[in-house]
Every structure is written in C-alpha cells, then in structure tokens.
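Residue strings, one per chain:
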Amino acid sequence: MNNYIFQSTLSRKNLMAVTGLFLCFFLVIHLLGNLQLLLPANEANASFNSYSALLSGNIFIRLISYVLYFSLIAHAGDALIITLRNRKTAVKYVYDDRKQVSKWYSRNMGVLGTIILVFLVIHFKDFWYVYKFGSLPYDRNGNKDLYVIVVSAFESWWYVVLYVISMLAVGYHLLHGVKSAVRTLGLYHPRYVKYVQLIGTIYSYVITFGFCIIPVYVHLSQFGL
Amino acid sequence: MKVHLKVWRQKDAKSKGSMVNYDLDNVDQHMSFLEMMDTLNEQLTLKGEMPVEFDHDCREGICGTCGMMINGQAHGPVPGLTVCQLHMREFKEGDTIYVEPFRAMAFPLKRDLKIDRSAFDRIIQSGGFITANTGMPAEANNLLIVHETAESAFDSAACIGCGACVATCKNSSAALFTSAKISHLAKLPQGEQEAAKRVLKMVSKMDEEGFGHCSNTEACEVKCPQGISVLNIARMNWEFNKASLLH
Amino acid sequence: MILDAKIPAGPLEHKWSHYKEHAKLVNPANRKKLTVIVVGTGLAGASAAASLAELGYQVHSFCFQDSARRAHSVAAQGGVNAAKNYQNDGDSVYRMFYDTLKGGDFRSREANVYRLAECSLSLIDQAVAQGVPFAREYGGYLSNRSFGGVQVSRTFYARGQTGQQLLLGAYQALMRQAALGKVTLHTRHEMLDLVVVDGKAKGIIARNLDTGVIERFAAASVVIATGGFGKIYYLSTLAMGCNGSAIWRAHKRGALMACPSWTQVHPTCLPQSGDYQSKLTLMSESLRNDGRIWVPKLENETRVPNDIPEEERDYYLERRYPSFGNLAPRDISSRAAKERIDAGFGVGTQKNAVYLDFSKAIKEQGMDKIKEKYGNLFSMYKKITADDAYQSPMKISPAAHFSMGGLWVDYELMTTIPGLFAIGEANFADHGANRLGANSLLQACVDGYFILPYTLANYLAEELKTEKINTDHPEFVKAEGAVISQLNQFVQIKGSRTADSFHKELGKLLYDKCGLSRSAAGLEEAITEIKALREAFYRDLMIPGNAAEINSELEKAGRVADYLEIAELMCHDALSREESCGAHFREEYQTADGEALRNDEDYCYVSAWEWAGKDMAPVLHPEQLVFEFIKLSVRSYS
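Chains as they are written, first to last, in our numbering: chain A, 1 to 225; chain B, 1 to 247; chain C, 1 to 638.
Bear in mind the hints are in silico, worked out from the structure with no lab data behind them. There's no promise every hint is true.
[Said to hold, decoys possible] Sample of chain B residues with no beta-carbon within 12 Å of chain C, all distances over it, derived:
#: 1; residue: Gly48
#: 2; residue: Met105
#: 3; residue: Ile160
[Claimed, not checked] Calculated pairs, DSS-like style, for lysine-lysine (alpha carbon to alpha carbon, straight line, at most 25 Å):
#: 4; chain 1: B; residue 1: Lys92; chain 2: A; residue 2: Lys99
#: 5; chain 1: C; residue 1: Lys15; chain 2: C; residue 2: Lys631
#: 6; chain 1: C; residue 1: Lys382; chain 2: B; residue 2: Lys92
#: 7; chain 1: A; residue 1: Lys92; chain 2: B; residue 2: Lys197
#: 8; chain 1: C; residue 1: Lys297; chain 2: C; residue 2: Lys371
[Stated by the list, open to error] Pairwise CB distance ranges (calculated):
#: 9; chain 1: B; residue 1: Gly48; chain 2: A; residue 2: Leu84; range: 18 to 24 Å
#: 10; chain 1: C; residue 1: Lys32; chain 2: A; residue 2: His189; range: 42 to 48 Å
#: 11; chain 1: B; residue 1: Ser18; chain 2: C; residue 2: Gln391; range: 57 to 63 Å
#: 12; chain 1: B; residue 1: His147; chain 2: C; residue 2: His14; range: 54 to 60 Å
#: 13; chain 1: A; residue 1: Lys99; chain 2: B; residue 2: Gln43; range: 48 to 54 Å
#: 14; chain 1: B; residue 1: Lys16; chain 2: A; residue 2: Ile29; range: 18 to 24 Å
#: 15; chain 1: C; residue 1: Gly325; chain 2: B; residue 2: Thr149; range: 45 to 51 Å
#: 16; chain 1: B; residue 1: Gly48; chain 2: C; residue 2: Gln391; range: 46 to 52 Å
#: 17; chain 1: A; residue 1: Phe60; chain 2: C; residue 2: Lys371; range: 56 to 62 Å
#: 18; chain 1: A; residue 1: Leu162; chain 2: B; residue 2: Gln43; range: 48 to 54 Å
#: 19; chain 1: B; residue 1: Thr149; chain 2: A; residue 2: His123; range: 37 to 43 Å
Quantities reported herein were computed from a predicted structural model and do not represent experimental measurements. Here a beta-carbon is modelled for each residue, glycine too, at the ideal position from N, C-alpha and C.
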C-alpha cells in the first residue's frame, strides 16, 4: 500500500465516515440509557444509576469508550483538516446563488459540528466530569447518584432550551452525515442506497426526537406533570 | 427585450478583474444565451473595444466547452442544460444578469470568462483509459455485456467535461468528473482489469490538481448537463476503498 | 500533372492486404527518431496520434480547442457502420462497399471504399476494447439499427451520442500516450501554415491562441485531420470553431483540393429562427427510422399539425421513393424537402421547415420504446425549441453538414505534397458525391487507427535517410513571417464590419447559389460576388486589440479570409461539373421528374484543383475513376 492513500481526500472522508458511523451507533446506546429517565421517578432513579455504574465498571465497555473518545477527537480533528483544505480550494463569486441546488445543512456540516462540539464540552463538564471526578452522593443501591444531577440540571428552562437546540443541530448533522458516510464508504447500488437513505432519515428523526423529549419531560416533571 | 448585463472582465490571470455593466436592447427571446453574448460582442467590436472572451464551440450541448456562472448558478438557472442550450426566454424584460467565469483554484482564468480546464485532461491522463493498443482487440461479440450494464456504463460515460460540477461545488471538488470516468470503466468487463490501479492514480491526481473534498452536497448532480448521478461518486469511493485494502 | 492514386493491383478483396504485406516498415528503434505532427484531435486525429505513438513515433498533436476531447466528432449522434452482419440480414463487406459506392453516386474509388468496408469490422472490436458502451441486447450481444440509404441494419450506436463515445475512446488512448510521453499535446494551437522544404511537408507554423505567440514545429511528416469546412455556410451543424484553414493553407502550398463543392446538406436539422442564429442543430438521422416526414397538402396551411387530417398530409418521401421512404439517402431527402419548401408548403413561422412525425411510431411501439430509443434527442429538441415532440411533430429543415470534398489524397492518404497526409473528413476519399449516414465516424476511425499507421510507415521508411530539418531552416522563417504579416494586416484594417458579418453574408450567398441546387448562371454570379465580398473584407474588416494576445475576433478573421477563397473554388468546382451527382445538383441536368442526371461519359472523374495564385483561376486536374469490379448504374431509391 503506498503512502499517499493515507493522505488522499478519500481516506480523510473515510475516517470521517467510520468515526461518524461509530458515533451514530453510540448515540443509540446513549439514547437507550437516557430513555430510562422517562420511567416513573423512583424506578428511573435506580435504573439510570445502575446503568451508569454498569457503563463505567465493565472493562469491555471501557475499551469501547476509548474508541468513542478517539472517534470524537478524530472526527472533529479530521473535520478541521478537511475544512481547512476546502477553505483553500473554495472560491468567491460576486453573485452566488449556488445554494439553490443543495440542502443548507449539507453545506454547513462544519457549523453544525461546531455547535455540537460546544455542546459536548458543556455536556462533559456537567455530567461526565462530575461523574468521573466529582464527589457524588450514592443511591440506595450504592451506585453514584447521577440521576439527581441530571434532574437538577434540567430544572432550569434555559438549560433545556440549550439542549433542544443542540439536539436539533445533531439532527441535521445526522440527516446529512449518515447518508454522506454511507456514500463515502462506497455503497453505490441504487436500490440499497435508497433503503439506507430511508433508514438514515428515520434514524435521524428518532434520535433527535428522543434526545429532545427527555430534558423537556424531566423539566416538566418538576411541576408534577 | 432589454437586459442589463454585469459581466466579469479580467485581462489575464494576473490582472485584477471586475464586473462591467452592459445594457443590451433588442434581445430576442428565441436567442440562445451565447447568441445574446455574440450580439454584445459585435457591438463591442464595432466600437473598437475588446469583446468578452468566452469558451464555446459546438453550441449543441455536447462538446463541454462552454460554461459560465449566470446569476450565480453554473450554466444558468435551468438544470440539465449547458449555457449554449440556455435560451433568453428564461429571462424577463429588464432583468439584470450576472455573468462570471467558472471559478476554481484548479481552473486558472485566462481572460474574461475563459478558463483553463486542462486539469481534467491530466486526471484522464493519470488513468482514465483502458490499456488497449490499436490492433489487439478480440471479436466484439466475444465479450457479452448485458443491456443494463451497457446502459449504466453509458450513463457514466456521458460526461462532457464542462466543469460545472466543480464550479457549483462549494469545495471545488472534481469528484463527479473523476468518478464518472472511474465508474464508466469499472462497470465494463474490459475496464475492470485495471480498475484498482486506475482509481488510485486518478484520485491522487485529482487531489494533486487542487480540487477540494467531496462533501456530498449533491449540487453537482443537479447542475450536470448530462445528469451524471452522484452514485458514481459512491462507486469511485468503493473502488478506492477496495483498491486501498487489497492492493 | 498526372494524378496517380497508387491503387494496388489485384482483386478488390486482396488490394489492402496486399498493400499491407508489401508496405515498407520502420524499425522500432528508428521510430522514436521520427517526429510526426498531427493537426486535429477529432476521431481521425486522435486515433492516428494515439496509434502512431503506440508504434513508437514521437507525435505532436495540435487542436484549437482547449482539450482534445472537444473536437466536433463529439457531436455525431447516430452511429457507426460496420459490416459485421450480426443481424443475419444479408450484410457483407461487399454489400457495404456497394452501398457506399452507390450512396456516393459512383464518384469515389472502388479500392478505397472496399478498404473502408473491410476495416469496419476491426473498428467495432477496437472501440469495444476501449470501453465504448455501444447499445446491447438483453443477452449481451451488440445491437444494431438501420440508417438512410441501405436496406440492412449495420449501424452500431451508443444512444444518440455515438460520436462522443467513440471520440472519448480515442481521446483516452491519446491521453494514455501523452502520459507516457509519446504524444506532446498542443491544445489551443491553430495551424496557420504548412512548411514545405524541398517539396516535402516538414512542419507547421501555429499560433498559440492563449498567448498570441507564433510557434514553429518541425517533423518528418505532417498529418492533417482538421475535419470539414461546412461552417463556410455560416449556418451549419458544425461547431463554431470548425474551419478550413489548415487544409486551405496546405492547398496554397501545393496540395490539390478535390471536389470542394460537394457538401452534404443534412435533412434533419432544426430550422433557423432569426438573423442572430449562430448554428443549426442536427437531429440524428436515426429519427427517420421511426419518424415520418410530411408537409401539408394545402399551401399556406394555418392549422396546427395535429389538426391536419391524414388525407391532407403529403408524405412526400414515401410518395416519391416508396422502397426507401423516409430512409432515402440524405442528399435526396434534403433536396425533396427543399423542393416542398420552395413550392410554398414549408411549415413553421419562417415557412422553412417540414414535419417529422412520431405519432404512428408511438401508437405502434408505445411511448416507452420511443423514449428509450430517442429520449435524449427529444429532450435536446425540447431544450432548444421548448416544444414537446412526443405531443406534436418536430419541425426540421436541411442544413450544411459534411464536406465530402477536401484535400485530394491517394490510396495511401497522402496529398500531392509528399509527407503531407490528410485523414478523416479533411480529405476527399471514400464518400464520393454523397456520404451515407454513419459512415463518417467510420472513415475517420479507419483512417486513423488502421490505414495511416501502415501508409505513413511506408513513407517514413524512406525519410530516415534524408537529413532532419530543424525550425531554423529559411522556409520556416519565411512561412512564419508571412503568417505574422497576415495577422497584422487584419488588425490594421480597422474598418466597420465584424468577421462574422462577412461570414454570414458569404454563407447566405453559398446557400443560395452553391447549396442544394446550383446553376451555371448562379455560380457565375456567385464568383463575382465572392470576389467583391473578399475585397470588402480586406477594406472594411474590424478587429479590436492586437495579434499578441487572446483575440477570438482575430481567429475568426483568419478563418473567414480562407473561407472567402475556398468559396470561390467551390463555385468553380460546381460550375465545371456539368452533371448532377449526389449532393451536387445542377438545375440544368435533371430528369423530367426532377431527379439527378448523372453524366458518366464526361464526368466520371474526381476534380482535383490546383492553386494557381492569388486572383488566378484554379487549374483542374481530373483523376479518372476506373470501375473494374462493379457496373455503374442509375442511383434509384424509388
């Protein structure tokens, strides 16, 4: 294998695609865990905390988490390199109406990605960092009580709004990203492309809706709704 | 009808260019866009001014020579056309029309609307062919190619090399052009033999020439006069991945 | 001058193989010492350049376009003929030879035409190997369709873009050689003169169109493959840049021009809609397989075509030529259309068109089948006219299309200047007085792939012994000086008319007097008018800018200046031929029912013309056509 293969624009896109798709897979696991927050408060508390404990205790899961960290960093870093090259090759027209022929979110994956990145920093700081390194109370089962942290975070409306906006960014990012990743990896058969695109679209809607509904639900449930 | 033109004028690659205004009366709606440009040029010539240089040749949409950004869109507002097939009936009395060259880092400007697309030739030189010397071939019907495969290969081979895909791409990517050739040849049994070598070389050349990444916005497919499908890009990626892993 | 066509002796079917077996060869080690210039990158030029480079010669390839892929072969739609007889319908090399000879009204050489038919077999193999996606049957075998002037299906096609696909095959082969360093590409270069040293072609002077710089190129041999000059009519199916300058300047250096007035006027083009029009788009002749041509029986008909009942339609081709009907050869179809239009039955706003109607075919075969066969042509029609041909008939009219005439060449495709070869449409060789549909792609390819590599070697084998000429030679200096002074002359006139305006005037004049029908009186008038127009050109031309920059007006001026001379030769040619044959129809020589009246007694020859100098009458050198193997017959399609 010669050297240039690694430097090729197509290899860069492959890295984006593979890491992106792994993150998509992770989002499913994440959403499944979060859905436990929709259970009645008592059950949710216990179940969510034990799920969190499971995720941090297991060596297999821990290995996966390293892949996850790598994917996040590689996806963002690679995006930066790609964007820089595209910046260099991009041109300016005095009158530019090229936007007519493509979707806005497909042209603005970088912007959407940046929003997501900012969100992730907040998200990590508020939950992941607190869970890993902060001092947390323990619940009845002896698990760290992440549930309390989550519920208290979503008590403020602006925090919920921040989450929902970020999830919409994730949604649009996925809408183009899944399709684009599959193309980058080389699925070219027209029929299967159609199926995969349909699945990608459904997936994007489900993930977005799922992640949006949870903070809203948790927020509203403090008023006993 | 009357139109106001704003045309990009630039003496050569090194000079600074700018938009210049021209008002044109007596434009017939049956005129093609290039015939309208001819009319403008005739007026300029008779005034002793340099006419607007633009690329054009066959004027029936097949040679791929013409191409300009009209009102910010490659080959103008109507999808599936080259500029020479665009007619003035698509515009209204008194319209202001912006005319600019196809722009890309890999397409240096020569003068006004004329550009250098030799990067495309070099991509083909790097591997866009089947190695078959004159005189070697076997009887044509010994190679069976089912109807659907032949038609699908044709769909990819129909590219006219105009560069609209590059001009309309926000990253100036040549993915559609390059992939159309890779995919045309990879689909056919006679081209399959050297598919791996071809894709690696052509993709590397494409990068070297200074085209950007494909970010799958699919604008190229919409603006392609031949309607070349973005699935060709998927095919190129597939061939590339296969070749990278196996060769 | 006695013209020797150098036709090999022996039976017709052995002539070419006999030639190949006895032609001189060049040792592979010596080939790389020989440089060959190929001007033009269409099917003939690209295939020749690629094939010669494969053999090991150093090739310099020139084209005025910005890429070799854009030459006008790209626009050929219908297909390419080959006598494969895949359809089992009675085709054979001999049948194809006879059809082509008869189609050309017996005004071409038997041996050349036979070779064309013979080599057609390998061409299809070659194109398939290069990846040309010809139409295929469901089982995977190659598909065929029929074309005008023949009764078998021998046309191979790639939808309506056969020329494009064949050209891309040749272009890719050329690019491969360029990457290997065997071909040096000179795109955006226009040949402005031929350099002849000691009577042999030894190089060219070319202008770099992107910089205006005049450059000299020396070689052991020069091949001209610059296509036809039908653009002389201004309105034609050709590309804007197509021109006759390379062959004309070679002509002025001593190469004879043969039958320059034989221009094919294609029957199925889109009609002119206004004065501003720059070209007439061709609609493939393949449409005549399923489309029926008609005009209303009523003069000044005002109803829309679909409202005109069947019995009030005049299917004039079916009426006049029952056995070939709508598939009558091009010259006959065009003339029949002109006859109806001139008689006042033309349709459309300018009354200059006839209908091409698909309603019967759609009814019989279904919309889907017609869409599959002609979809891209129908959509092209819609793009240009905004009309839907599925709903109402197309409007078509004849337009100048192909030059049967060109540089006179012998069997080896060499002109009367040793070392100067002409291939493809640029030469006069295989098509006689009328070319059959789908034979032009064939001839261009066969010349470049299969003939020139042998005949050029036969010439170059001797050239190895002669001293190599370089570009410092006085002949180069002289030729370059002449080119520069001509360009400066154009720029300095500073008159009040554009080159295009002269071109348009010339085109109209030729259409009227040296077009589909000609008369002695008209041609004599035309010669006087052309002379006057030429004087006006050198008095009143306006070229802005200068010669040392990109200057498309200057490019046009050079081409128009040559057209103004070629046009006069065309008229002399048409005037001297007192018969009607193929595309050449003299009003004085027709049968009672308006068909062409050929005169084999007096005119069974190729008219080869010698340039006698500025403002001198050209000198005719007839090359008698000898028919050893077939009997001349009246060309009847009724």
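Okay, the hints, checked on the actual structure:
Interface exclusion of Gly48(B) from chain C breaks down, the closest Cβ pair being 5 Å apart, not more than 12 Å. With a least CB separation of 18 Å from chain C, Met105(B) remains clear of the 12 Å interface cut-off, as annotated. The beta carbon of Ile160(B) sits about 8 Å from the closest Cβ of chain C, which is not more than 12 Å, so the claim that it is off the interface is violated. Restraint check: the Cα-Cα separation between Lys92(B) and Lys99(A) comes to about 22 Å, which is no more than 25 Å; the hinted pair holds.
Under the criterion of a C-alpha separation no larger than 25 Å, the hint pairing Lys15(C) with Lys631(C) is consistent with the structure, at around 19 Å. Restraint check for Lys382(C) and Lys92(B): the C-alpha separation of about 20 Å stays at or below 25 Å, so the hint holds. Straight-line distance between C-alpha atoms of Lys92(A) and Lys197(B) comes to about 35 Å, which puts the hinted pair past the 25 Å bound. As the CA atoms of Lys297(C) and Lys371(C) are separated by approximately 30 Å, the hinted pair breaks the 25 Å bound.
Taking the beta carbon of each, Gly48(B) and Leu84(A) are about 47 Å apart, not inside 18 to 24 Å as hinted. Roughly 47 Å separates the CB atoms of Lys32(C) and His189(A), a value that falls within the hinted 42 to 48 Å. Hint check: Ser18(B) to Gln391(C), Cβ distance near 46 Å, so the stated range 57 to 63 Å is violated. Range check, His147(B) to His14(C): about 39 Å between beta-carbon atoms, so the 54 to 60 Å window is missed.
Between Lys99(A) and Gln43(B) the Cβ separation comes to about 34 Å, which falls outside the hinted range of 48 to 54 Å. Range check, Lys16(B) to Ile29(A): Cβ separation about 56 Å, and the 18 to 24 Å hint is violated. Checking the proposed 45 to 51 Å range against Gly325(C) and Thr149(B) shows it is violated: the Cβ atoms sit about 35 Å from each other. Roughly 49 Å separates the CB atoms of Gly48(B) and Gln391(C), a value that falls within the hinted 46 to 52 Å.
In this structure, Phe60(A) and Lys371(C) meet the distance hint of 56 to 62 Å, their C-beta atoms being roughly 57 Å apart. Our hint of 48 to 54 Å for Leu162(A) and Gln43(B) is violated, since their Cβ atoms are close to 60 Å apart. Between Thr149(B) and His123(A), the C-beta spacing of about 50 Å breaks the proposed range 37 to 43 Å.
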